[in-house]
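Going down the list, the protein sequences come from chains A and B.
Last residue of the first sequence? That's 171 in our numbering, and every number before it is there in order.
Last residue of the second sequence? That's 490 in our numbering, and every number before it is there in order.
These aren't lab readings, by the way, just hints derived from the structure by calculation.
Check before you lean on any hint, since a few could be wrong.
To be verified - Simulated pairs of lysine-lysine, DSS-like, Cα-Cα distance not exceeding 25 Å: (1) B:K119 - A:K170; (2) B:K330 - A:K94; (3) B:K330 - A:K170; (4) B:K227 - A:K169; (5) B:K128 - B:K83; (6) B:K119 - B:K223; (7) A:K155 - B:K223; (8) A:K94 - A:K57; (9) A:K141 - A:K57.
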Amino acid sequence: MTAKGIVHKYGDNVDTDVIIPARCLNISDRKELASHCMEDIDKDFINKVKPGDIMLAGFNFGCGSSREHAPMVIKESGISCVIAKTFARIFYRNAINIGLPILECEAASEAIANGDEVSVDFDTGMITNVTKNETYQAQPFPEFIKEIIDANGLLNAIRKKQ
Amino acid sequence: MGMTMSQKILAKKAGLASVQAGQLIEANIDLVLGNDITTPVAIEEFEKYGFHQVYRKDGIAIVLDHFTPNKDIKAAQLAKRCREFANRYDILHYYDVGAMGIEHALLPEKGLVAPGELVVGADSHTCTYGALGAFSTGFGSTDMAAAMATGKCWFKVPSAIRFNLTGTPSKWVSGKDLILHIIGMIGVDGALYKSMEFGGEGLRHLSIDDRLTVANMAIEAGAKNGIFEVDNVTLAYEKGRVERPFEIFKPDEDAVYEKVIDIDLGALRPTVSFPHLPENTKTIDEVGDVKIDQVVIGSCTNGRISDLKIAADILKGHKIAKNVRCIVIPGTQQIYLDALHAGYFDIFIAAGCAVSTPTCGPCLGGHMGILAEGERCVATTNRNFVGRMGHVKSEVYLASPAVAAASAIEGKIANPEKY
Ligand code: SF4
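Produce the entire structure from the sequences given, and follow the hints as far as they go.
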């Protein structure tokens with residue numbers, strides 16, 4: 010599996026309250042919910058983002074609440090992959106459970122700039138910066154997690170086994 | 072190789088003789104929890120994937136606490152979805168308005184968590200129950216759907232940081248000050264993916280309410296769970312609440328920790344966390360002159376009876392400052408009743424506070440006390456992120472109920488020691 014797109018870059022400790030504010034959590038329509046994605050730190054994100062684009066951040070991305078609405082709106086907005094130095098653990102498992110690929114890679118997070126074009130190979134963990142002609146190596150998913158991502162989410166994976 | 076408390080519980084629930092940090096396992100859960108925001112998403116997934124049965128009708132707790140009593144029509148729709156699901160599957164531990172409290176205050180009170188149990192919940196503060204020696208951790212709605220259907224959950228076995236507590240805390244230092252101090256020391260990702268395990272001879276000075284507050288905020292250091300050794304204080308609390316047999320897990324003598332941190336409770340000071348991260352802590356002696364507009368006393372962190380007691384002790388005979396709103400929110404219906412009978416409401420209302428039915432309300436910027444642009448609030452809650460309690464340019468300062476009550480009186484962040 011691969012992804013390719015333009016990078017939207019953010020800093021450290023991007024929390025779930027800015028990814029999708031609690032005031033929006035009474036919305037159950039996914040499209041409407043996604044229209045609020047990142048609005049408290051990047052009002053323009055939702056207008057800029059194109060299907061396949063990649064989100065990049067520093068340490069502890071997705072800290073805060075357990076709301077699955079956070080990876081859900083990122084996926085819904087068209088983002089194909091999130092790369093960060095580290096992820097908050099509930100965000101990490103939520104992203105995997107809904108089939109949003111995410112990778113931890115400090116080198117990529119340092120070197121890639123906002124607006125760079127980047128491609129990712131999830132089988133090898135190789136991240137390629139097309140704009141700068143550089144590559145960075147992330148850990149590929151362990152088999153257990155790969156099964157969930159490949160099935161496009163935990164419940165699909167459970168259903169497959171039953 | 073020796074195991075930590077968390078590792079021992081996970082091994083047992085996975086049916087394995089031992090586990091190691093980093094290992095991926097599947098374990099049987101004892102209870103899965105959801106609230107009015109996360110459960111509807113879980114229900115949607117549960118139904119979309121064609122599940123028709125829950126694993127155990129007494130193994131699920133659904134608590135409508137975030138936007139209830141329904142704050143608007145959309146919230147009412149979400150609550151209705153939970154109610155219908157709970158009725159259809161005959162969910163035993165379903166708590167609606169009139170019975171509900173803030174989930175993490177309610178479950179321990181109702182005896183739904185015992186030492187050694189494995190509790191998961193679609194709410195990040197599910198880590199609260201580690202106070203009782205359980206392994207408990209937050210996850211998302213898809214996890215909740217899977218857990219409701221199968222009674223199982225996948226885990227990556229965490230490594231641990233051990234906190235050895237010594238000394239005796241002074242009267243004005245509470246569990247809140249301890250955990251804020253720790254987060255200030257290790258940072259908001261200082262325990263990322265790890266367990267925070269608490270023990271040592273200082274433990275006996277921490278009440279269950281204090282421990283619940285500490286474990287509650289383990290997630291604010293990025294931890295997977297916070298867990299306390301079980302002692303007589305734990306057993307006294309569970310007596311009369313938990314009838315079923317439970318198992319006490321102690322860490323192995325040779326358990327491997329990533330780090331061991333000693334904390335002298337006697338050296339701690341009342342501590343405040345400044346915007347916009349819980350790690351931005353200052354002791355009460357360093358806070359300077361910070362004028363405030365609102366005080367919130369409540370939440371799953373500090374809405375228990377001992378929290379209301381200390382606030383009432385301080386507010387007794389005082390009026391809150393002009394131009395300050397003070398909102399008091401008991402955590403559960405039982406706490407509400409106990410506070411009422413103890414006369415705390417007379418004190419709060421005479422001082423000029425508003426007292427609310429249990430709800431998360433302002434803690435997550437839901438309702439019941441949203442901040443306007445530029446406003447500042449001292450809150451006994453657990454998060455002070457940008458926009459957490461309202462406008463993106465409002466500010467939340469995290470503190471203990473004692474500091475919050477003193478601040479309400481003075482209209483600025485204040486030291487409770489003189490009251
Ligand atoms: S009181 Fe606040 S932190 Fe606790 S469960 Fe409710 S919203 Fe979450």
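Hints and how they fare:
{"no.": "1", "hint": "B:K119 - A:K170", "result": "17 Å, holds"}
{"no.": "2", "hint": "B:K330 - A:K94", "result": "22 Å, holds"}
{"no.": "3", "hint": "B:K330 - A:K170", "result": "39 Å, violated"}
{"no.": "4", "hint": "B:K227 - A:K169", "result": "22 Å, holds"}
{"no.": "5", "hint": "B:K128 - B:K83", "result": "23 Å, holds"}
{"no.": "6", "hint": "B:K119 - B:K223", "result": "19 Å, holds"}
{"no.": "7", "hint": "A:K155 - B:K223", "result": "19 Å, holds"}
{"no.": "8", "hint": "A:K94 - A:K57", "result": "23 Å, holds"}
{"no.": "9", "hint": "A:K141 - A:K57", "result": "21 Å, holds"}
Checked against the numbered hints above, the structure violates only hint 3.
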